[in-house]
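First to last, the protein sequences are chains Y and L. Start counting at 1 in the first sequence, then tack on 149, and there's your number in the numbering used here. Start counting at 1 in the second sequence, then tack on 149, and there's your number in the numbering used here.
Wrong hints could be hidden among the right ones.
Pairs count within a copy or across copies, as identical chains cannot be separated in the list.
With a straight-line Cα cutoff of 20 Å, these simulated SDA-like cross-link-like pairs (lysine to any residue) come out [what the hints assert, rightly or not]:
#1 K322 / I156
#2 K492 / G429
#3 K165 / G410
#4 K228 / Y261
#5 K509 / A531
#6 K381 / T359
#7 K336 / K381
#8 K182 / Y261
#9 K322 / N157
#10 K165 / R408
#11 K273 / Y261
#12 K309 / K509
#13 K165 / P412
#14 K165 / V155
#15 K280 / E177
#16 K322 / G405
#17 K381 / D360
The set of hints was computed from the structure by calculation and includes no laboratory data.
There are 2 protein chains.
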Amino acid sequence: MLNFEVINPTRIVFGKEQLNRLPELVGEFSPSKKIMLAYGGGSIEKTGLLTNLLNALAGFEVVLFGGIEANPQYATLMKGVALAQEKQIDFMLAVGGGSVIDGVKFMTGAFYYEGEAWDVLDRKPGCDFLKAVPFGTVLTLPATGSEANSGAVISRAETKEKRAMGGPLFFPKFSFCDPSLIATLPKRQLANGITDAFMHTLEQYITYPTDNLLQERQAEGILLTLIEIAEKVIENPADYRLASNLMWSATHALNGNLRCGVPTDWGTHMIGHELTAIYGIDHARTLAIIAPRLYENQFETKKEKLAQYGKRVWNLTGSDEEIAHEAIRQTEAFFNRLGIETKIHNYSTDTDSIATEIKKRFEDRSWLTMGERGAITPTHVAQIVTAAI
Amino acid sequence: MLNFEVINPTRIVFGKEQLNRLPELVGEFSPSKKIMLAYGGGSIEKTGLLTNLLNALAGFEVVLFGGIEANPQYATLMKGVALAQEKQIDFMLAVGGGSVIDGVKFMTGAFYYEGEAWDVLDRKPGCDFLKAVPFGTVLTLPATGSEANSGAVISRAETKEKRAMGGPLFFPKFSFCDPSLIATLPKRQLANGITDAFMHTLEQYITYPTDNLLQERQAEGILLTLIEIAEKVIENPADYRLASNLMWSATHALNGNLRCGVPTDWGTHMIGHELTAIYGIDHARTLAIIAPRLYENQFETKKEKLAQYGKRVWNLTGSDEEIAHEAIRQTEAFFNRLGIETKIHNYSTDTDSIATEIKKRFEDRSWLTMGERGAITPTHVAQIVTAAI
Numbered sequence: 150m151l152n153f154e155v156i157n158p159t160r161i162v163f164g165k166e167q168l169n170r171l172p173e174l175v176g177e178f179s180p181s182k183k184i185m186l187a188y189g190g191g192s193i194e195k196t197g198l199l200t201n202l203l204n205a206l207a208g209f210e211v212v213l214f215g216g217i218e219a220n221p222q223y224a225t226l227m228k229g230v231a232l233a234q235e236k237q238i239d240f241m242l243a244v245g246g247g248s249v250i251d252g253v254k255f256m257t258g259a260f261y262y263e264g265e266a267w268d269v270l271d272r273k274p275g276c277d278f279l280k281a282v283p284f285g286t287v288l289t290l291p292a293t294g295s296e297a298n299s300g301a302v303i304s305r306a307e308t309k310e311k312r313a314m315g316g317p318l319f320f321p322k323f324s325f326c327d328p329s330l331i332a333t334l335p336k337r338q339l340a341n342g343i344t345d346a347f348m349h350t351l352e353q354y355i356t357y358p359t360d361n362l363l364q365e366r367q368a369e370g371i372l373l374t375l376i377e378i379a380e381k382v383i384e385n386p387a388d389y390r391l392a393s394n395l396m397w398s399a400t401h402a403l404n405g406n407l408r409c410g411v412p413t414d415w416g417t418h419m420i421g422h423e424l425t426a427i428y429g430i431d432h433a434r435t436l437a438i439i440a441p442r443l444y445e446n447q448f449e450t451k452k453e454k455l456a457q458y459g460k461r462v463w464n465l466t467g468s469d470e471e472i473a474h475e476a477i478r479q480t481e482a483f484f485n486r487l488g489i490e491t492k493i494h495n496y497s498t499d500t501d502s503i504a505t506e507i508k509k510r511f512e513d514r515s516w517l518t519m520g521e522r523g524a525i526t527p528t529h530v531a532q533i534v535t536a537a538i
Numbered sequence: 150m151l152n153f154e155v156i157n158p159t160r161i162v163f164g165k166e167q168l169n170r171l172p173e174l175v176g177e178f179s180p181s182k183k184i185m186l187a188y189g190g191g192s193i194e195k196t197g198l199l200t201n202l203l204n205a206l207a208g209f210e211v212v213l214f215g216g217i218e219a220n221p222q223y224a225t226l227m228k229g230v231a232l233a234q235e236k237q238i239d240f241m242l243a244v245g246g247g248s249v250i251d252g253v254k255f256m257t258g259a260f261y262y263e264g265e266a267w268d269v270l271d272r273k274p275g276c277d278f279l280k281a282v283p284f285g286t287v288l289t290l291p292a293t294g295s296e297a298n299s300g301a302v303i304s305r306a307e308t309k310e311k312r313a314m315g316g317p318l319f320f321p322k323f324s325f326c327d328p329s330l331i332a333t334l335p336k337r338q339l340a341n342g343i344t345d346a347f348m349h350t351l352e353q354y355i356t357y358p359t360d361n362l363l364q365e366r367q368a369e370g371i372l373l374t375l376i377e378i379a380e381k382v383i384e385n386p387a388d389y390r391l392a393s394n395l396m397w398s399a400t401h402a403l404n405g406n407l408r409c410g411v412p413t414d415w416g417t418h419m420i421g422h423e424l425t426a427i428y429g430i431d432h433a434r435t436l437a438i439i440a441p442r443l444y445e446n447q448f449e450t451k452k453e454k455l456a457q458y459g460k461r462v463w464n465l466t467g468s469d470e471e472i473a474h475e476a477i478r479q480t481e482a483f484f485n486r487l488g489i490e491t492k493i494h495n496y497s498t499d500t501d502s503i504a505t506e507i508k509k510r511f512e513d514r515s516w517l518t519m520g521e522r523g524a525i526t527p528t529h530v531a532q533i534v535t536a537a538i
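All chains, please: the whole structure from these sequences, using the hints.
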């Protein structure tokens, strides 16, 4: 087991009809009682959630900031930062899925940052967020785990860039996770959420053999649970039994626990981010496109864990080599069953220069390492992307 | 899934040779740089750990308080409280296993309490700890999970009482978990630690069927891991692979995660506490004595979960009823293989009035409920204890 340090101070309030806890928890962090409530495209207006939240927060002055898009955009978020500064709020409440929560994480840091905040995302030397506005979340879409971690991913449309940020300042103070809120989600978003959680788990599991017996069981537990419920919850998200297991699994897939003591990959995410930046493909779908091809490309270094995964999660039999290959096929077939297409040409025909383009993007960031041994090079990236077309 | 709220702000520093992090972490919570280092029977003096800690803490004034016993005693701890008050320390460091850590949790609350601190443990109306000294831990014995939770159990020899306490004030600020420290532990303590962690998991798992798919997988993951390593780590605790998996499993068995959204029992613990209070039997051994008999006594309400446990953890086949019974036998045989005897007469011959005595102790605390449905009555307790003689 590798040495590790882990802390996760986010309070999770999980379940139905818990909003009566909201004023107390917000009040703990907002002496001025002036807060910003940030959200996405307006579905929370239609479902009545916004009204319920505003009723619960009757004792607060609430500045609304809607319109945070999927793959939250730097330009949008900087408008939110300006509004928050103008209104002198001292707390932010993110209401939405991973994009809204990620966007709020960025805004809480940019609120106090005096230079160009993109420099922090671009890891320009000497640029960092040193202070952040406290924030909480109300989760409406189980997927990214952002409600229970301190990471975020922010995009910039004009340069087609996507950058990760994070750190101890960016843990939510609390997160309300109410599975009944997913009852009205479109099938597409549910399938994406399941895929995202599944891939978060695989990124921390399909590496090389280690002696992390418990962590492997924990990862397998999430995968088995997601497989058990996936197709059913897409059909019937109003089934609280299914919804609650999906929501709790997605939180656990990226709350910092699975990574403890183990090597991690994240190559699929990094290559996938480029597909989103260039084509606008949904994040989860980019993972489903890249992962099978990356596992084939890196088969030699990953085959033992692929075989363990095939046996314990897919109940496969045969030689380890056969099982490992079949586990990749089963994974892709699982995504396909959820309605997720796993080739780039399913999303765009403009693929002639894509492998070269993405390869160059990784060559330009020589500080970035990928794969559990740092062994995925830009040349591998080009091979993986080519195979994924 | 039941509604729940969970938070665990303890920072875990896990691994070998991490003590260089100690001064920074202690310094964060000790402005005065005057701290108390509390420990147990002196093994940390023999192993050199105390010297290493004092070297790491060279920049601090360290008040030593040794002699905290297994099942930490109120009278002992109140001496520590008086010493801490006299020396005006502002931080405590618990170095040891669950008894030392539990003892320190109590001392941090009693430090500020003006009345008789036992009243708090005895839940006397209006008596509570409202403030506590911050504290951290250096774990030397994987067992209780106290390093990653906010609970403690304190004993009083003169009245043969044992009482639980806890609450948000009593999370360690940090815990150093170094698996290499268990290399010199006696077999008896290792067997006890494994049994304790195993039973913490079962108390949160062997209840009635629920729809907590992930939590069940997580519990089963701990049980499978403990079974895989138990006999080997007792033989060879210097094997870091085994030691690290034991330590991490014991932490996870009681870090607050398994209880999320599920019914829990804790009847075995409550009855077991009485066996420790009366006979001085090691805590873990009382659990191994009581659990099989409690599961037999409460078979009808627990048989579905016992069957799931038998299938997934012990790979049993047959009818569910047969599997459920066999799972109880396998559990008892597992404890026996670790060298743990599972009958009261293995520990004392003075058993004539024990069932009546323990029954009365529960009758005297009518506010106390036991079992996942609150259905274990003092009469059941007498039956369980009688069967355990």
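Here is how each hint holds up against the structure:
Taking CA atoms no more than 20 Å apart as the test, K322 paired with I156 passes in both settings, with 13 Å inside one copy and 10 Å between copies. When the C-alpha separation of K492 and G429 is checked against a cutoff of 20 Å, the pair qualifies only within one copy, where the shortest distance is 14 Å, while the shortest distance between copies is 66 Å. Taking the closest pair of Cα atoms, K165 and G410 come within 20 Å of each other only across two copies (12 Å); inside a single copy the shortest separation is 34 Å, beyond that limit. When the C-alpha separation of K228 and Y261 is checked against a cutoff of 20 Å, the pair qualifies only within one copy, where the shortest distance is 14 Å, while the shortest distance between copies is 48 Å.
In this homomeric assembly, K509 and A531 come within 20 Å of each other (Cα to Cα) only inside a single copy, at 9 Å, whereas the closest approach across copies is 74 Å. Taking the shortest alpha-carbon separations for K381 and T359, only the inter-copy value of 18 Å comes in at or below 20 Å, while the best intra-copy value is 33 Å. Taking the closest pair of Cα atoms, K336 and K381 come within 20 Å of each other only inside a single copy of the chain (11 Å); across copies the shortest separation is 48 Å, beyond that limit. For the homomeric pair K182 and Y261, the shortest alpha-carbon distance inside one copy (19 Å) is at most 20 Å, but the shortest distance between copies (32 Å) is not.
In this homomeric assembly, K322 and N157 come within 20 Å of each other (Cα to Cα) both inside a single copy, at 10 Å, and across copies, at 12 Å. For a Cα distance limit of 20 Å, the shortest separation of K165 from R408 across copies, 17 Å, qualifies, whereas the shortest one inside one copy, 29 Å, does not. Taking the shortest Cα distances, K273 and Y261 sit within 20 Å of each other inside one copy (17 Å), while across copies they are farther apart (48 Å). Taking the closest pair of Cα atoms, K309 and K509 come within 20 Å of each other only inside a single copy of the chain (13 Å); across copies the shortest separation is 73 Å, beyond that limit.
Proximity of K165 and P412 under a CA criterion of 20 Å is satisfied inter-copy only: 17 Å between copies versus 36 Å inside one chain copy. Proximity of K165 and V155 under a CA criterion of 20 Å is satisfied inter-copy only: 15 Å between copies versus 29 Å inside one chain copy. Within a single copy, K280 and E177 get their C-alpha atoms as close as 18 Å, and across copies as close as 17 Å, so both meet the 20 Å cut-off. Taking CA atoms no more than 20 Å apart as the test, K322 paired with G405 passes in both settings, with 16 Å inside one copy and 18 Å between copies.
Taking the closest pair of Cα atoms, K381 and D360 come within 20 Å of each other only across two copies (14 Å); inside a single copy the shortest separation is 34 Å, beyond that limit.
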